[in-house]
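**Student:** Residue strings, one per chain:
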Amino acid sequence: MTASRDAILKRVNDALAPLKERAPYPEFDDDVAVMPALDRNGDLWTAFCERAKLVHGTPLSGKPAVLADWLHGQNLHHGYCDPELLPLFGEALAAAGCAVETIFDRARVDEYQFGITRAEAAIAETGSLVLTDATTSSRLAALAPWTHVAVLKRGQIFADVADALKKMPVDPNVIWCTGPSRTADVEGILIEGVHGPGVQVAFLLE
Amino acid sequence: MHQPIDQYAAKLSAGKRASVYDGTKSGYDARLRSLNTSYPTPDHLRRLAGRIKQHTIENLDTYLPQVEARLRANGVSVHWAVDGGEACAHVHRIMEARGAKKMVKAKTMVSEEIHLADYLEKRGMECLETDLGEFIIQIDHDHPSHIVKPIIHKNRREIAASFEKNGLGSYNDDPGVITARARQFLRHKYLAADVGLSGANFVSAESGRIVLVTNEGNSRFSIAATKVHIALVGIEKIVPRDRDLGVFLNLLARSATGQQLTSYTEFIGGARSANQPDGPEEMHVIFVDNGRARVLADDCRAILRCIRCSACLNVCPVYRQASGHAYRAVYPGPVGAVLSPLLAGDNFPEMADLPKASSLCGACNEVCPVNIPIPDLLLRLRDRGKREHSKVAAADTPPMGAFGTLANHPSLWKAAMKTGGLSALYPAFLMPSYGKAWVRTRGMPKWRGGKFRAWMKTRKQQASK
Ligand code: SF4
Numbered sequence: 056m057t058a059s060r061d062a063i064l065k066r067v068n069d070a071l072a073p074l075k076e077r078a079p080y081p082e083f084d085d086d087v088a089v090m091p092a093l094d095r096n097g098d099l100w101t102a103f104c105e106r107a108k109l110v111h112g113t114p115l116s117g118k119p120a121v122l123a124d125w126l127h128g129q130n131l132h133h134g135y136c137d138p139e140l141l142p143l144f145g146e147a148l149a150a151a152g153c154a155v156e157t158i159f160d161r162a163r164v165d166e167y168q169f170g171i172t173r174a175e176a177a178i179a180e181t182g183s184l185v186l187t188d189a190t191t192s193s194r195l196a197a198l199a200p201w202t203h204v205a206v207l208k209r210g211q212i213f214a215d216v217a218d219a220l221k222k223m224p225v226d227p228n229v230i231w232c233t234g235p236s237r238t239a240d241v242e243g244i245l246i247e248g249v250h251g252p253g254v255q256v257a258f259l260l261e
Numbered sequence: 125m126h127q128p129i130d131q132y133a134a135k136l137s138a139g140k141r142a143s144v145y146d147g148t149k150s151g152y153d154a155r156l157r158s159l160n161t162s163y164p165t166p167d168h169l170r171r172l173a174g175r176i177k178q179h180t181i182e183n184l185d186t187y188l189p190q191v192e193a194r195l196r197a198n199g200v201s202v203h204w205a206v207d208g209g210e211a212c213a214h215v216h217r218i219m220e221a222r223g224a225k226k227m228v229k230a231k232t233m234v235s236e237e238i239h240l241a242d243y244l245e246k247r248g249m250e251c252l253e254t255d256l257g258e259f260i261i262q263i264d265h266d267h268p269s270h271i272v273k274p275i276i277h278k279n280r281r282e283i284a285a286s287f288e289k290n291g292l293g294s295y296n297d298d299p300g301v302i303t304a305r306a307r308q309f310l311r312h313k314y315l316a317a318d319v320g321l322s323g324a325n326f327v328s329a330e331s332g333r334i335v336l337v338t339n340e341g342n343s344r345f346s347i348a349a350t351k352v353h354i355a356l357v358g359i360e361k362i363v364p365r366d367r368d369l370g371v372f373l374n375l376l377a378r379s380a381t382g383q384q385l386t387s388y389t390e391f392i393g394g395a396r397s398a399n400q401p402d403g404p405e406e407m408h409v410i411f412v413d414n415g416r417a418r419v420l421a422d423d424c425r426a427i428l429r430c431i432r433c434s435a436c437l438n439v440c441p442v443y444r445q446a447s448g449h450a451y452r453a454v455y456p457g458p459v460g461a462v463l464s465p466l467l468a469g470d471n472f473p474e475m476a477d478l479p480k481a482s483s484l485c486g487a488c489n490e491v492c493p494v495n496i497p498i499p500d501l502l503l504r505l506r507d508r509g510k511r512e513h514s515k516v517a518a519a520d521t522p523p524m525g526a527f528g529t530l531a532n533h534p535s536l537w538k539a540a541m542k543t544g545g546l547s548a549l550y551p552a553f554l555m556p557s558y559g560k561a562w563v564r565t566r567g568m569p570k571w572r573g574g575k576f577r578a579w580m581k582t583r584k585q586q587a588s589k
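Protein chains in written order, with this note's numbering: chain A, 56 to 261; chain B, 125 to 589.
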């Protein structure tokens, strides 16, 4: 096995040895690829909402009852809730007639209509939610149900991709979710909800 | 003899050609719209990305050991594979060590390149494609014909028929129904699988993070539901630092599908964390050479910058007419016309016709997010095909000996120009065979030669007046 490693590295060395010069690492600013249209000084949640809607995301904000009512309105009455969020949302959910479990049982994957977990952050420029292992109580609960709700607080919103990269959390599984899961494999027709959520909610808890 | 790619294109059904045309055109339009509405000067970004990548591949001797050390520090097992066979053997060994029988596979071009599914199935293991397009390819025993849209050559009726044949419900060609059925079928497969396999769009040498750029969520599911994650990574996939991703992520999704970012951008830095109930207990990265170091030694090494966005396929007039399967290799289109002959190694002469499947219009270079000078590389490979006396490379090319003699002898040239007008009267059936092959698919231009000398003469006379 180390033989193959050494063989490959030797080939690479031999391939590069004859080069008289190597291309230098170019100079550029971190925000070189940031869309100039973004207003960095404006309200980041407003900017986030605008961009999230462009990618068919569903931004909501308010007290826990707002989310509970929305779920009820969508006719979603059974799902998963991060145990750490339960003290905040439990009462409102129960009042809206939504039953939640705090352990995701993979054997009953089809029974969860929604999953509520915490977001690590959001990115205004792209309308993306940032999920991590540290803040996601169950990867499957944030992925398998048709509706995923990521709960977010003000102050957790990055202005742009460059900023989010700079402050990337140390975590083995950082995922930027930009709108619902989608495909255009069949005749280029956009279909949402392939393997991941068909509805991606960003809930700003006030 | 015609070039193989022409022969293939000539036999392509009108329906397939229409599918490919529509798919490539919509991809092309989306790219243009997205880049131009986002940036005043998208070209600047493309050139910058090209320079970062060129720097990276010219310094792989530094970056490969660096990324290996980072990965190990992140608790990832690193393996090296000289060729496809060795890469498959690594995967097989990792699975056997876990007593694993079932793999769910996210989209990776490298796995196509090394024929992983065949290898594992022959050894009694299940290897299931989970990307919708790739899944359809698998149940059809077909091959992908486009890098981003693998089933660009199929229409919904064909897909509905294969779903029906494979027991995935009665015939229904609504794309929404097709997708929902695949969703339902595949989610139970993820949950029952032992191993999740992915590729990598980028690997950061700085942090050892593997970056996956996807839309459907199948790679997320593969990495959330299974206990082992294996990533197959071509040795050219490295970027020096995390900050470089700001450039590449913004360009890749826009160039591929016209999205600002794909639905999911995943930064994988190892096995799951201790308090996370779902996801792999171990992660393996297999670095695959399989001909890449040889490409690095070639003066066409710039092709290793490629980030597999498919923009060059979408814009290419030859790809649009011939479709991806005409390129007889995993990588079709302009990128494939350069990469496939180079990766073929000693079999280069068999693939040497591919660099000729281009009108050298330059569109591929213009759209390429890493600014690869594809037309230049194609010319270099044409030259090499000629020098290596490849038969397929010579097909359809009229011998240039006569032209060379004329061009070297001014008096002969003059005479030829005077009589050239007669070519319009020359009946095609009297032409030598190479001439016939040439005019079968091309019209002869109206003769306009022989006027330059006369023009020059008058000018000189006027000037001296
Ligand atoms: S060669 Fe350039 S345009 Fe073509 S797939 Fe690669 S990166 Fe995209």
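Keep in mind the hints are simulated off the structure, nothing from the lab.
Just so you know, even glycine gets a beta-carbon here, dropped at the ideal spot from N, CA and C.
Take these hints with a grain of salt, some might be off.
[Unchecked claim] Below, a sample of chain A positions facing chain B; criterion: calculated Cβ distance under 10 angstroms: (1) 61; (2) 71; (3) 77; (4) 90; (5) 115; (6) 119; (7) 132; (8) 152; (9) 154; (10) 195; (11) 197; (12) 248; (13) 253; (14) 254; (15) 260.
[Unchecked claim] Cut-off 20 angstroms, straight-line C-alpha distance, at most; resulting in silico cross-link-like pairs (EDC-like, lysine to aspartate or glutamate): (16) B/313 <-> A/86; (17) A/65 <-> B/245; (18) A/65 <-> B/185; (19) A/221 <-> A/86; (20) B/313 <-> A/160; (21) B/140 <-> B/264; (22) A/65 <-> B/207.
**Student:** Given residue 90 of chain A as an interface hint, is the shortest Cβ-Cβ distance to chain B below 10 angstroms?
**Tutor:** holds, 5 angstroms
**Student:** Decide if the proposed pair is consistent with the structure: residue 65 of chain A and residue 245 of chain B, CA atoms, cutoff 20 angstroms inclusive.
**Tutor:** Cα-Cα ~33 angstroms, so violated.
**Student:** Let me know if the C-beta of residue 248 of chain A comes in closer than 10 angstroms to any C-beta of chain B, holds or violated.
**Tutor:** holds, 7 angstroms
**Student:** Straight-line Cα separation of residue 313 of chain B and residue 86 of chain A no greater than 20 angstroms?
**Tutor:** violated, 41 angstroms
**Student:** Do the alpha carbons of residue 65 of chain A and residue 207 of chain B lie within 20 angstroms of each other, as the hint requires?
**Tutor:** holds, 15 angstroms
**Student:** Taking 10 angstroms as the limit, does the beta-carbon of residue 61 of chain A come near enough to a beta-carbon in chain B?
**Tutor:** holds, 9 angstroms
**Student:** So, as I understand it, the hint says residue 152 of chain A touches chain B; can you test that by seeing if any CB pair is closer than 10 angstroms?
**Tutor:** violated, 26 angstroms
**Student:** Next pair to validate is residue 313 of chain B with residue 160 of chain A; report whether the Cα-Cα distance is within 20 angstroms.
**Tutor:** Measuring from Cα to Cα gives roughly 16 angstroms; hence the hint holds.
**Student:** Quick one, is the residue 253 of chain A hint okay against chain B at 10 angstroms, beta carbons?
**Tutor:** holds, 9 angstroms
**Student:** Less than 10 angstroms between beta-carbons is the criterion; does residue 195 of chain A satisfy it with respect to chain B?
**Tutor:** Holds, about 5 angstroms.
**Student:** So, residue 132 of chain A near chain B? Judge it on the closest CB pair being under 10 angstroms.
**Tutor:** Because about 21 angstroms separates residue 132 of chain A from the closest Cβ in chain B, which is outside the 10 angstroms limit, the hint is violated.
**Student:** Can you confirm whether the C-alpha distance between residue 65 of chain A and residue 185 of chain B stays at or below 20 angstroms?
**Tutor:** holds, 9 angstroms
Figure legend: structure checked against the earlier numbered hints; hints not met, in rising order: 5, 6, 7, 8, 9, 14, 15, 16, 17.
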